[in-house]
Every structure is written in C-alpha cells, then in structure tokens.
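From just these sequences and the hints, can you work out the full model?
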Amino acid sequence: MKLARIVVAGMAVALALSACGGGGGGGEQQAAATSPGGLEKTQLLVGVVPVPSSAPLFIAEKRGFFKEEGLTVKTEIIQAPQAVMPKIINGSMDAFLTSYVSLMAINDTGAAKLKLFQHSQEAAPGVAGVVVAKGSPVKTAADLKGKTIAVNVLKALGQTLTNAHLQEAGLKPEDVKFVAVPFADQLSALSSGQVDAAWLVEPFLTAAKKHGATEIIDTTDGVTAGVPIDGWGVSEQWLAKNPKTAAAFHRALAKAQEIAGADRKAIDEVVPTYTQTQADAAAAMKLGEFSMRADQASVQKLADLLHGYGYLKNKVDVARLFAPSAG
1 MKLARIVVAG MAVALALSAC GGGGGGGEQQ AAATSPGGLE KTQLLVGVVP
51 VPSSAPLFIA EKRGFFKEEG LTVKTEIIQA PQAVMPKIIN GSMDAFLTSY
101 VSLMAINDTG AAKLKLFQHS QEAAPGVAGV VVAKGSPVKT AADLKGKTIA
151 VNVLKALGQT LTNAHLQEAG LKPEDVKFVA VPFADQLSAL SSGQVDAAWL
201 VEPFLTAAKK HGATEIIDTT DGVTAGVPID GWGVSEQWLA KNPKTAAAFH
251 RALAKAQEIA GADRKAIDEV VPTYTQTQAD AAAAMKLGEF SMRADQASVQ
301 KLADLLHGYG YLKNKVDVAR LFAPSAG
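Going letter by letter, the sequence shown gives residues 1 to 327 in my numbering.
In silico PhoX-like links for lysine-lysine, alpha-carbon gap of 25 Å or less:
(1) Lys177 - Lys147
(2) Lys210 - Lys265
(3) Lys241 - Lys113
(4) Lys265 - Lys286
Quick caveat, the hints were computed from the structure, so don't treat them as lab data.
Here you go:
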C-alpha cells in the first residue's frame with residue numbers, strides 16, 4: 001500500500017520545545033475541592049519538540065488560554081517520545097508532542113498505552129526532506145544505495161517517509177543504513193561526513209539549506225503527500241485519572257489549534273520563542289496544514305504501511321488510537 005494514497009482531511013491534536021508559562025513543573029496532584037473548576041491538577045508538564053507543530057501550545061500560552069482554564073503549563077524539551085515514557089508512565093510528565101508513527105510504535109511495544117489527544121499537523125510539500133552536503137555526488141534518491149542516512153528516531157516518521165521514496169526509486173529499505181542523530185546535530189554529522197544524507201524537518205531543513213545543503217527528496221510530497229504528521233499524546237491512565245483537567249487542557253489547545261490553522265502570523269510570532277529560528281526565517285518556513293481533525297482512514301493507511309514495513313508487530317485499529325476529545 002502506498003503512502004501516496006494518504007489523503008488527510010484533518011483531526012484535533014499537536015508537538016514543540018522550551019518553557020511556556022510560569023511557576024510549577026509536573027506538579028503534584030491537587031485536591032479537586034481547592035482547584036478552579038474542580039480540576040484534578042492545575043500544573044502540567046508537557047514534553048515538546050522545537051518544531052512548528054508545537055506552535056499551538058505556545059499560542060495557547062501567549063494568549064492566556066491555559067490561564068483561563070485554571071492551568072499552569074510548563075514544557076520540557078524532548079528529542080523523541082520514547083525517551084520520556086518513564087515520565088509519562090509515572091505521571092511526572094502529563095503530555096507530549098509525538099508523531100503518529102512514534103505513538104503507534106510505543107503502543108505496539110507495550111511500553112505504554114497512549115492516546116492521540118489533539119492533532120497538530122499533516123504534511124504539505126516542503127516541510128520535511130532528505131538533504132546532502134554541498135558538492136555531494138548523491139543527486140537523487142537512487143544514488144542513496146549503500147549510503148547512511150540520519151534520522152532523528154529510528155523506525156519512526158522520517159525513516160517511513162524516506163523508505164516510501166526509496167522504493168519508488170527502485171531501492172529496498174535494506175539498501176541504505178539509517179542512524180539516529182538528533183535534529184540539532186544532523187548538519188554537523190553531514191558536514192563531517194559521519195552520514196551521507198540527513199532527513200530534516202522545519203526549521204532545521206531551512207537552516208541546512210542556508211548552509212549549502214541540497215535537498216534531494218521532498219518527503220512530504222509525491223508518494224507521501226498529505227501524510228498525518230503529529231499531535232499531542234497522553235496516557236490512557238492519565239486520561240482516566242484527570243478527566244476534568246484533560247477537558248480543560250484540550251479546550252485551550254483546540255482554541256489555539258484553530259488559530260494556528262487560520263492565522264499564519266500567529267505561528268510566526270511564537271516559533272522564535274521556543275526554537276533558535278530567527279523571526280525572518282520563521283516567516284519564510286513552509287508549514288503543513290494545522291487542521292482540527294485528521295481523517296482516521298488516512299491514519300489507518302499509515303498504520304497499515306508501518307505494519308507492512310515490519311515497524312509494527314501488530315495491526316492497528318486507529319479508531320481506538322484517539323482520545324474521545326480528539327475523535
């Protein structure tokens with residue numbers, strides 16, 4: 001089944017970086033009787049990645065949506081959801097930005113039982129791609145045979161999208177070697193020859209191009225156009241334990257998500273505050289679609305593709321993947 005056939009109509013969920021809001025961290029559970037609106041918790045810690053998908057969270061903070069709901073939200077930078085599962089399981093972290101691929105992979109391993117809480121982005125051309133260093137002999141996807149490609153997380157979104165394009169070019173997934181390198185370190189790894197190519201998302205993709213890197217595959221176009229990218233994840237246990245807090249958190253995120261989908265300037269205003277991207281560069285970045293909801297049939301096609309690659313041991317019924325508020 002080709003990723004090409006994924007056509008996204010949207011869904012409610014989102015992923016980002018750095019501190020937003022004052023006071024508090026993960027916070028201890030507070031008595032409902034003393035919390036505004038009877039919230040089970042008023043202080044939340046959210047794992048974020050420094051990418052545009054995280055923008056709705058920071059829009060919500062900037063515009064006081066969390067405060068209106070009686071919430072104080074702080075953030076912790078994460079590189080991959082897998083790394084913070086211990087915190088999610090023990091409750092010291094409440095939510096996190098995650099690709100659909102990573103969320104399904106974590107559930108597949110049994111490490112945690114997660115739900116997609118609020119959608120953030122689906123793909124649009126130009127938001128993620130494979131680049132090579134200036135002057136590289138690698139010019140096309142077919143030239144990657146026998147080469148090493150850096151991705152931020154193995155067997156996750158980058159590897160999945162890249163494989164779809166490699167297959168279209170006549171290569172098999174085993175014809176290349178994927179290695180895990182954090183986004184922030186990929187340009188250095190590319191320049192030093194540690195890797196032959198790197199899969200990057202915005203704002204890292206734009207920064208790499210400014211330093212002379214050449215994009216050879218647009219991994220959010222062609223056979224992978226419209227792929228569901230990411231959203232906010234929470235554990236089933238957290239949802240069950242904190243229903244009023246979850247509802248309040250979702251209301252604030254959803255309001256910000258709607259703004260992100262309608263007002264590009266709102267995204268441009270917050271991206272420089274949680275990434276190292278300058279304002280002019282943030283305004284020039286290509287973005288995916290910040291829709292309210294993702295089409296479950298499209299997510300199902302992605303899940304089936306992952307299972308076909310062997311990245312998931314079990315088939316996924318994505319209707320059970322979404323939290324009630326996100327469905």
